[in-house]
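Colleague: Sequence:
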Amino acid sequence: MEAPKKWSVTFTKHLKQKRKVYCDGFLSLHTSTGKVMLYDDSEQLLECRILKNDEVVSSGETLAFNSYLVDVGEPEEGQRPLDDTYIRSRENRVPKGRASLHRNKFVKLSDCAVGMS
13 MEAPKKWSVT
23 FTKHLKQKRK
33 VYCDGFLSLH
43 TSTGKVMLYD
53 DSEQLLECRI
63 LKNDEVVSSG
73 ETLAFNSYLV
83 DVGEPEEGQR
93 PLDDTYIRSR
103 ENRVPKGRAS
113 LHRNKFVKLS
123 DCAVGMS
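Under the numbering used here, read the sequence shown as residues 13 to 129, first letter to last.
Honestly, the hints are just simulated from the structure, not real lab data.
Please read all numbers here as calculations on a predicted model, not as lab measurements.
Among the hints, a few may not be true.
Listed below are the simulated DSS-like cross-link pairs for lysine-lysine, each with C-alpha atoms no more than 30 Å apart in a straight line [unchecked claim]: (1) K28 <-> K47; (2) K64 <-> K17; (3) K17 <-> K32; (4) K47 <-> K17; (5) K32 <-> K47.
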């Protein structure tokens, strides 16, 4: 099976607000299935979906997920892809508050928190 392709991205959960707050993350695409997965910068899976037939993931594109608006940046090369077991084990080991230590100091953590509206 082919390794997934990855891009660095910025994303926001403020879909309809005029002033959006963006967070860093990455996007993983499994080309065989067309499944796109959005991760935050602490490698936590936020959302996934299947690409439509006419959709293409490339630098400069914007993808709409159910809960996120994603601006695709440059492709990441030479990194080993993450699997779901690694993500689940990481969620159990790292306290939720510690995962955001390296964020930009101008972004409120509540704006980037998963599941908060």
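Colleague: If a hint holds in the structure, say so; if it doesn't, say that too.
Modeller: Hints, verified against the model:
1. K28 <-> K47: Distance of about 25 Å is within 30 Å: holds.
2. K64 <-> K17: holds, 17 Å
3. K17 <-> K32: Holds: K17 and K32 sit about 27 Å apart, inside 30 Å.
4. K47 <-> K17: holds, 11 Å
5. K32 <-> K47: holds, 26 Å
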